[in-house]
Amino acid sequence: MPRTLETAAHPERLRRVAIEPLTRVEGHGKVTLLLDDRDQVRQARLHIVEFRGFERFIQGRPFAELPVVVQRLCGICPVSHHLAAAKACDRLVGAVRLSPAAERVRRLMHFGQVLQSHALHFFHLASPDLLFGFDDDPAHRNVVGVIHDHPDLARRGVLLRRYGQEVIRVCSGKRIHGCAAIPGGVNKALDNTDRELLGADIGPVIQWAEEAVALMRRIFLTGGERARHFAAVPANTLSLVRPDGALELYDGGLRARDPKGTTIFDHAPDQDYATLLHEQVKPWSYMKFPFIAALGPDAGWYRVGPLARINNCDYIDTPRAEQARRDFAALGDGRPVQASLAIHWARLIELLHCAEAIERLLGDPDLIGDDLVREGQSGSIGSGSTGLGASGSGSATGRTGIGVIEAPRGTLFHHYEVDADGLVTRANLIVSTTSNNQAMNESIRRVAQNELTGHALTEPLLNQIEVAIRAYDPCLSCATHAIGQMPLAVTLARAGGEVLDELRRDPDGAFHREPTGPQSVAANGGS
Amino acid sequence: MDGTKRARAVGAASPPRHSLLDLEPAPESDSDARIGRAPLLIIGVGNPSRGDDAIGPLLLQRLGDELSSSGAGTQGAEDQPLVELLGAYQLQPEHVLDLRGRRRVIIVDAAASGPTPFAVSAVTPDPRRAFSTHSLSPAALAAVHQRLYGDVPPLELLAIRGARFELGDPLTTTAAANLDAAQAWLRALVAALAPDADADNDKGANRARTPREG
Numbered sequence: 047m048p049r050t051l052e053t054a055a056h057p058e059r060l061r062r063v064a065i066e067p068l069t070r071v072e073g074h075g076k077v078t079l080l081l082d083d084r085d086q087v088r089q090a091r092l093h094i095v096e097f098r099g100f101e102r103f104i105q106g107r108p109f110a111e112l113p114v115v116v117q118r119l120c121g122i123c124p125v126s127h128h129l130a131a132a133k134a135c136d137r138l139v140g141a142v143r144l145s146p147a148a149e150r151v152r153r154l155m156h157f158g159q160v161l162q163s164h165a166l167h168f169f170h171l172a173s174p175d176l177l178f179g180f181d182d183d184p185a186h187r188n189v190v191g192v193i194h195d196h197p198d199l200a201r202r203g204v205l206l207r208r209y210g211q212e213v214i215r216v217c218s219g220k221r222i223h224g225c226a227a228i229p230g231g232v233n234k235a236l237d238n239t240d241r242e243l244l245g246a247d248i249g250p251v252i253q254w255a256e257e258a259v260a261l262m263r264r265i266f267l268t269g270g271e272r273a274r275h276f277a278a279v280p281a282n283t284l285s286l287v288r289p290d291g292a293l294e295l296y297d298g299g300l301r302a303r304d305p306k307g308t309t310i311f312d313h314a315p316d317q318d319y320a321t322l323l324h325e326q327v328k329p330w331s332y333m334k335f336p337f338i339a340a341l342g343p344d345a346g347w348y349r350v351g352p353l354a355r356i357n358n359c360d361y362i363d364t365p366r367a368e369q370a371r372r373d374f375a376a377l378g379d380g381r382p383v384q385a386s387l388a389i390h391w392a393r394l395i396e397l398l399h400c401a402e403a404i405e406r407l408l409g410d411p412d413l414i415g416d417d418l419v420r421e422g423q424s425g426s427i428g429s430g431s432t433g434l435g436a437s438g439s440g441s442a443t444g445r446t447g448i449g450v451i452e453a454p455r456g457t458l459f460h461h462y463e464v465d466a467d468g469l470v471t472r473a474n475l476i477v478s479t480t481s482n483n484q485a486m487n488e489s490i491r492r493v494a495q496n497e498l499t500g501h502a503l504t505e506p507l508l509n510q511i512e513v514a515i516r517a518y519d520p521c522l523s524c525a526t527h528a529i530g531q532m533p534l535a536v537t538l539a540r541a542g543g544e545v546l547d548e549l550r551r552d553p554d555g556a557f558h559r560e561p562t563g564p565q566s567v568a569a570n571g572g573s
Numbered sequence: 005m006d007g008t009k010r011a012r013a014v015g016a017a018s019p020p021r022h023s024l025l026d027l028e029p030a031p032e033s034d035s036d037a038r039i040g041r042a043p044l045l046i047i048g049v050g051n052p053s054r055g056d057d058a059i060g061p062l063l064l065q066r067l068g069d070e071l072s073s074s075g076a077g078t079q080g081a082e083d084q085p086l087v088e089l090l091g092a093y094q095l096q097p098e099h100v101l102d103l104r105g106r107r108r109v110i111i112v113d114a115a116a117s118g119p120t121p122f123a124v125s126a127v128t129p130d131p132r133r134a135f136s137t138h139s140l141s142p143a144a145l146a147a148v149h150q151r152l153y154g155d156v157p158p159l160e161l162l163a164i165r166g167a168r169f170e171l172g173d174p175l176t177t178t179a180a181a182n183l184d185a186a187q188a189w190l191r192a193l194v195a196a197l198a199p200d201a202d203a204d205n206d207k208g209a210n211r212a213r214t215p216r217e218g
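Each protein sequence line maps, in turn, to chains A and B.
Throughout, our numbering is defined as the position within the first sequence, counted from one, plus 46.
Throughout, our numbering is defined as the position within the second sequence, counted from one, plus 4.
Do not rely on the hints blindly, as some may be mistaken.
[Said to hold, decoys possible] Just so you have them, the derived chain A footprint on chain B, three or more residues with Cβ under 8 Å:
1) 51 to 58
2) 90 to 96
3) 140 to 153
4) 177 to 191
Hints were generated in silico from the structure; no laboratory data involved.
The structure presented is a predicted model; accordingly, all values stated were derived computationally and were not measured.
Positions of the beta carbon are idealized from the N, C-alpha and C atoms, including for glycine.
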């Protein structure tokens, strides 16, 4: 394991390479590599250098607003935040058990969200690297290159995105900023027209998803040992699972397994997350490092997201995705698959599952119904009562609402405390990118150790760092996207700080070499 | 902003049912009428809760309110829409489907640098990819459209200068002033779309744009 690359013994003697900032969501990010005189990597870190401020944004707001306002946290998966907050609010109003129609509308919306998010990642972000290779010309290694060389694939990517967006629009009434879910249920019923609209095209969606799985399988297997070992790190895994062990994206118990597949905990109530998971702070990053409490901070880091979910579940309850899962699981020979590039494969299996699940829901008579909101069964915020009727063992302590959901990138935790007037006094969110913090760090260290050490730095080599991070699909872009921000700079400096070389990727993707002059950077080995 | 803005801007017009999986470009001739689309599309990009990043959504909201109250932006006895408003957190590949069949597209976005109060620039296709972002640049979106359909509708970027972009921050006074200036420019542009305003085109939006073209 490359854990030793987290902190070098004598950073002051090393050259520093910084890739910054990655983008903007859970703060700005950068990658720093410290190299010795023989270009051996001695330290590699993924930093988050700006505090995000979720809690400040949420505190003081009436809890009923939460499902709406939290969508502003993220432009890529607003539906995930929306539904996690709604689930937390269900607890606050004591309406944990929703009506059949409300639960199905929420699930349908969630499947649409995961489908469109996974389609975006594979077809737009990942496919250029996977189809053309990590060292392809950057002018070609992009979505337009995919359209040129693989027009049918690109077309399907765009249309799968559109289909998922339409599912969300039908459920919420809007493409963005919708308010489908409210505390205790949903706001809007679906009708047969909605069903017909979405049902008319679900056949090709399933077919394309299945073919995408086959393509990714072929890419991975063709990659041979390199695909198996690129950025591969043995990680614990965490995800929700259904009571019968099936893949579950909306609601279930927590399951964690170690790298060998041995169960750490299983079907744990999601309301107990704070006793199962703890968070560590490290001085060089604003992003916390969550870990499984029972294993401690050094051994307890874990991976969430598609690979964790597919590894963790016992089966998938839709037939084509289940067949794909069995095929995938054979790769691990009885153990969890750990290859970072296999995350893409797992992601597409989930995309296929979402397509099949949407088809099934569209045929479910309970999807249509007027019973949309359930009243609370005990307690009421505003009356001074402290009984909120939450069923989980860990949260029924008063005005506490915890909602956990499997977002596209992994398990998402929303935890709110409210006062007697229903105003949020405390909020704690663990987003999936934070859960994957250590796993991403481990993966870039693996790449640094295996691919970069001993080589001169080039754009293709540094792109491999990006490829490793990109496999996790970190949500680092959804904050602001104002024009003129987000350059990606790679700086090579001597231990004393003298800049030797600098490459820069501008916000528009242009990549060029900066003229080096009498400038300097701090040889910040401890940053 | 959201789907309601779209509905309000297009008035009563409702496009005929197309498959959600239809990517075929509309015929060049009378394409607007065939697919029921307004010839001018304005896309407001941004997160309303991240300080000056709200510029795009706010401008769209203001313009939508003006169009609703004034009746501008439509023509003919059936109120055929002339302008459509579309909100987005960020540009994505599927937005090419919103671009097709337009005579003009304006993307409104906050800018962290560049001229004050705003700049308008023609967007030319450029496929380059920014690192790991979950969004397309306007130039990349144009490139995707060009590759899929063989051409690009006239596409412009209205970049309005902002200052602060943190979560929960209010709009800065500087951004508010810049927003007012950009709103006046867009108002003139939309007013110039009306059939009886054709003769005034040179006095309206086009003249307002010229000094700030990037």
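Quick rundown of the hints versus the structure:
no.: 1; hint: 51 to 58; in the structure: holds (count 7)
no.: 2; hint: 90 to 96; in the structure: holds (count 5)
no.: 3; hint: 140 to 153; in the structure: holds (count 8)
no.: 4; hint: 177 to 191; in the structure: violated (count 0)
Checked against the numbered hints given earlier, the structure breaks only hint 4 and satisfies all the rest.
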